[in-house]
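Enquirer: Protein chains in written order, with the working numbering: chain A, 1 to 196; chain B, 1001 to 1491.
Calculated from the structure, these hints are not laboratory results. Just so you know, even glycine gets a beta-carbon here, dropped at the ideal spot from N, CA and C. Check before you lean on any hint, since a few could be wrong.
Have a look at the derived ranges for each label pair, beta carbon to beta carbon [as the list claims (entries may be wrong)]:
#: 1; chain 1: A; residue 1: N81; chain 2: B; residue 2: N1454; range: 56 to 66 Å
#: 2; chain 1: A; residue 1: K74; chain 2: B; residue 2: D1456; range: 50 to 60 Å
#: 3; chain 1: A; residue 1: G30; chain 2: B; residue 2: R1481; range: 41 to 51 Å
#: 4; chain 1: A; residue 1: H146; chain 2: B; residue 2: R1179; range: 33 to 43 Å
#: 5; chain 1: A; residue 1: K74; chain 2: B; residue 2: L1053; range: 51 to 61 Å
Each chain, written out:
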Amino acid sequence: MVQDMNTSGEPGPAPTPDELDDWARRAQAGDTAALEDLLGALRPRVLNICRGVLPHSGDAEDACQEALLNVATKIGSWHGNGRFTTWLHAVAVNSARSTYRRLKNQATPVDTDEHGWDRPDPRTTSVIAGTRLDLLDAMEAIEQDHPQFVEQLLLRDVYGLPYDEIARLVGAPLGTVKAQIHHGRKLARPLLRGDR
Amino acid sequence: MTAPGVAGLALAVLATTTVVGCSSEAGPALLPDAEVVESGVPVSDRREPDLELALSEPRKDSVYPQVGDPGVDALHYALDLTWQPGRRLLKGRSRMVFRATRPAPRFQLDLARPLEVTRARLDGRPVRTTRRGKNLVVHAPVTADQRLTLTVAYAGRARPVPAPTTRSDFSTTGFTVTRTGEVWTMQEPFGAYTWYPVNDQPSDKALYDVTVHAPARWTGISNGRLVEHEPGRRRTTTRWQLDEPASSYLMTLAIGDYGWSSGRTKSGLRIDYWVPRGKPTAKKKVRAAARAMDWAEARLGPYPFSSLGLVVTESDSAMETQTMVTLGDTGYVLSPAVILHELVHQWYGDQVSPDDWRDVWLNEGMTMLMQWLYEADTGGVPIKATVRRARQLDQLLRDEHGPPGDYDAGEFGETNIYWSPALMWNELRLELGDKRFFEIARSWLAAHDNQSVNRDDIVAHWEAETGRELYAFFDAWIMGRRTPARGVPSS
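Okay, chain B solo, but in the shape it has when bound (with noise of 0.2 Å):
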């Protein structure tokens, strides 16, 4: 229901002024569309997963240490999941490949009440099981560095937990079901465990392998490459694979009625586009991923990943989840700005995740930065007028939320985690220029591909590539009551 008269009128405009759009959709829509290809999604092989990948160390959150056992380290999540939309009840058999990081009489997994566990099994023997709150204990003495596979099935009315934030776009978190019984899930910064039994902390990546049998004509979704496809009368079963370790709030499930479609980028990775059939206007604002990745590859370089797709859903917010973006229907979420934004993240947030979610900031602030200079590249606001209306708010932010680096643990997500670290980020590149900085940008990808990571690690990261005393800069911005002065100070 878009209207092309009016796109007519935004190039006409944009010509001769720079106009600031309502979605900032003026920009890249006057791009040549990529290709779409109509029927026959693509299906390709499963690989034997590579469990070393999934190798972490776990810790203790320090904002949100009710979640998550550092004593596990889930290297390999196997997920059969059965949804029955009238009668509102999720059928899951869950196997995990983990190893022990320390001798305990006992480990625990994260899993939601309403879902009752009705066998547990340790490497093939039966294993007792209690649960207390959310917490499901495994009663079984493990060594340090034990490998074990604990197998999992359980059922009930998955439904969705309240998330610790006073953001106006979302109040709960994981396993969301629609009026009409489609499912939806964002879990940031945790709910995975909504869905199935998890170590639901970020330091812990694994690899997933996530089979969903949905009802006949609908398709469930998840992350990773479709690695079977079956529509059936009855039901449809899909398989995805995820080859490359992600931590579980990076996790999407979606499941409803979905059309399937395709774009390309210059550098030809595919891009499959799932929307809910009957949606034209989110079929036709998704394409502008297309032209957003050709944007982030110049930046950021190649796209880490084996596969990329982007899934629209019913929800107000959108989500970086890995490979395949979880977006909401709204006009701001379906914005090739905010759609740059969750690609952007597939680098910053993704390959390389924060280990703690007091460094969510790693994930915002560049991506923050990256998403106003996209802005200003494709006729939005000017990247000065940006940072100068930003460095105006940047100490209501501190006194409301607090530091980026130290905010209320529920006041998860608000602007003090985005714009602060934004403007850190765009001292150093001004800096050292654009060049520099993006080379720098990259080199920490590359060093810390598919790990998790913190705040010193980071700062060490630059320290040494710029071969500069930063650790001052960095905490005045991170953790400052104040908004610091301009500029990096050399030291």
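Looking at chain A on its own, in the form it has when it is part of the complex (with noise of 0.2 Å):
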């Protein structure tokens, strides 16, 4: 019998915010070790980001590949001022959300809601119809018009981190953050299903 999934991608204890940093100024620096220390320790930090954007594991795992691949060669673009792992959230939520856009453009349309978009096809598409979805298309609609609230709203929402975080991911100060994602809940609202 296959081993366990929930203890095949953890090879040993979990590395330190630290131990993460360090890894990652190294790689930056071309260590090839280093990068695959690096990746590897990653993977269920990344898959777990992945899963709770995409909640089939296929698609999760399509996410968290393309999340390796794009930490692998963009290394080079995270500043090292803030934590290696909430640039690593970006990256991953970033991944997780252009998988779903490839998903969504490869299934089969089978109505348009009212805002022009064409839900993909449960039939078809290995996305689980779930709020998340609801949550993503609306992101996708806000975009649109006013994208400089999407990250925020989709690293709070979608992924959960702390307003300091993301303020400082970001580059702006808390309060704005704060206004921001509060002027892109409200956008959103209408757009979640159930309008609640």
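Work from the hints to combine the two standalone chains into their complex.
Expert: Following this line, the structure appears as structure tokens:
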């Protein structure tokens, strides 16, 4: 029998954020062994983030793969002033979003809602219909007219990062970030299913 | 629903550095596809089973003594199963040829309660049976080495039984019905008795003929070669023959709307892929088996059986059912590394099996090491890094679940039976070098083909082959409460 999946991705005690920062700095400097260690250690964390966005495990794994490739190729764009894990969250959430978009584009449209977005057909898409789907669709809609709110809203409501981490990540004062998220939520609310 | 673009990117990145893929799929996905045929399931001829292959020395299990009867040595099971998904009803007829191993006034098989016995005959004559829990007691005196035939007709709403485990990917074993009436089974360490009367302990290997009557358009799948395939307007009948003996936990049954395709190994073996229709991603992913088999055969020698297939089900786990691997439908389970794992089990686990559940590490340790090596060879984590991390975790596993050869009966299949013995085998691999290590790994299989074995057998084999005293080394890894030091002590 295959070993239990819940332990397979965690071959050792999880590294601390300090260790991850250190590996990431060395990886940036061209240390390929450090990059390997880093990517190996990040997998469970990244997969978790992707699962938060894409409930179907196959989709989350696709997104995770994409996220790790993005980490490997774009690690130079981490500035090193914030936590590496904060930068990583943004990369992972964006990868999950782009995986979601791709899945949606590949799916057979069955109906078109009032915003003109084709909903994926659950019979042909592995993405399971759920609240996250609504939220992601709402993000896409908001991005049309108010792209400045999307990143913050995603980090807060899809992944659940604390406000101060988000402020550090997007490089804006805490008060501004809170206001942006508040605005973003107001925009998103009517787009969510159930119109709660 | 996988993205070709990502695979292309993976290729570009892999060329410059090693990237850890989420399902290790980057490696084999880049290799050329095996031949895929879309129609015309090949049907082969049924052969007369050679019962002598199935002679065993059954024993009482030390971990799960409640299952099995050491007085019974089953040689051949012929099962005829009819599945009615609408009524959730399984009707079965079983004909078991067996050898009594000792004189006794009665003997017993395992058969779960929901299945009612409607008729039982011993050598053609009616025989009295009683039920005690899951025990089907047959009241007939037998003598040592007497060969008899027991036929049982039974029916009921078959369902799984609780599994003795704390794992996250399964909590029951045996006959499992999906919401839409399809059937799948996984039954390690026991649970075959949820769908047929069986001596459900691994030391009793037996041959099988399994006939399945499925609803029209559906297909019943089991172990071995397909020897009869009759799609009909009302029902589809398939008949399978397993011509080398298997422990009951290595049997499989899957019934659903299956499509067939196939691939081929470099050595010329056809691999049958049975995937539910309408699952293109799963259908694509299982094809990794062909290249994984090439890798395994290069190290373990020619595949030991006459046929090979993979069947995809709704499970969350994966099981090395003999000649017909049973896979769940998750990204993890359908990754090339997990497929390779179940294929390696065809040698380590199926061709040679443990005779007692305390030695399940015999299956998982070598297989886990092979999986690590395969992952390293196909662009995953280098073996040194994997071993380093596993070694860091070994003590935690021993503290949590016990030593791999002395685990808690309620914690079957935890990671201690995988990683700790894999680390042990890796020490021998480093000590002897890959070439010698795999020579001995192969000679072990050849020496115990189709047998059930235990820890004493394997220590004796490695001591004889290496000329070294290895008992203390094996004992420290398998029974020790602490992670042993690195290296293989010279005696």
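Enquirer: It remains to establish, for every hint, whether it holds in the given structure.
Expert: Status of each hint after checking the structure:
With their beta carbons about 60 Å apart, N81(A) and N1454(B) fall inside the hinted range of 56 to 66 Å. Against the hinted window of 50 to 60 Å, the Cβ-Cβ separation of K74(A) and D1456(B) comes to about 55 Å, which satisfies the hint. A C-beta distance of roughly 43 Å is found between G30(A) and R1481(B), which places it inside the suggested range of 41 to 51 Å. Taking the beta carbon of each, H146(A) and R1179(B) are about 42 Å apart, inside 33 to 43 Å as hinted.
The given range of 51 to 61 Å is respected by K74(A) and L1053(B), whose C-beta atoms sit roughly 58 Å from each other.
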